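Residues in the sequence shown are numbered from 0 upward in steps of one, following numbering that gives the first Met the number 0.
Certain hints may be false.
In silico SDA-like pairs for lysine to any residue, Cα to Cα no more than 20 Å straight-line [unchecked claim]: (1) K57 <-> Y37; (2) K57 <-> K24; (3) K21 <-> A2; (4) K24 <-> R13; (5) K39 <-> N29; (6) K43 <-> K57; (7) K28 <-> K7.
Okay, the calculated beta carbon distance ranges per label pair [what the hints assert, rightly or not]: (8) S87 <-> K43: 17 to 27 Å; (9) L10 <-> M78: 36 to 46 Å; (10) S87 <-> F11: 14 to 24 Å; (11) E77 <-> T14: 32 to 42 Å; (12) I51 <-> T31: 56 to 66 Å.
Hints are computed from structural coordinates only; laboratory data are not their basis. Small disclaimer: the values here were computed from a predicted structure and weren't measured. The beta carbon of each residue, even a glycine, is placed where N, CA and C say it ideally should be.
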Amino acid sequence: MKALQVRKNFLFDRTLVDEAQKILKKRHKNLTQAITLYLKAVVKNPEILDEIEKSANKRDGSFIGMLDGMIGNESYKEMRNEFYKESSRFE
């Protein structure tokens with residue numbers, strides 16, 4: 000990972016910045032404006048961080064990426080018990 004250093008402890012992934020700049024140019028914005036808008040949004044609505052994190056961590060380009068966020072946090076045992084309850088109901 001090539002890093003782009005802004006200040007001593009302020010590093011960005013260079014490829015990520017390059018990809019973001021292409022998108023921002025299409026929207027007639029620059030990186031400074033994007034970061035400023037992001038910080039304004041976080042100040043007005045801190046819950047937006049959860050949505051941003053989900054979007055940033057979502058896998059793409061594969062079938063499993065479509066399932067991100069669709070599967071709950073149930074444990075295997077809970078899912079198995081629920082399956083058996085539903086399947087016994089149809090017998």
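Each hint, compared with the structure:
no., hint, result
1, K57 <-> Y37, "holds (19 Å)"
2, K57 <-> K24, "violated (24 Å)"
3, K21 <-> A2, "holds (18 Å)"
4, K24 <-> R13, "holds (16 Å)"
5, K39 <-> N29, "holds (16 Å)"
6, K43 <-> K57, "violated (24 Å)"
7, K28 <-> K7, "violated (26 Å)"
8, S87 <-> K43: 17 to 27 Å, "violated (50 Å)"
9, L10 <-> M78: 36 to 46 Å, "holds (40 Å)"
10, S87 <-> F11: 14 to 24 Å, "violated (54 Å)"
11, E77 <-> T14: 32 to 42 Å, "holds (40 Å)"
12, I51 <-> T31: 56 to 66 Å, "violated (18 Å)"
Hints 2, 6, 7, 8, 10 and 12 from the list above are not met by this structure, while the remaining hints are.
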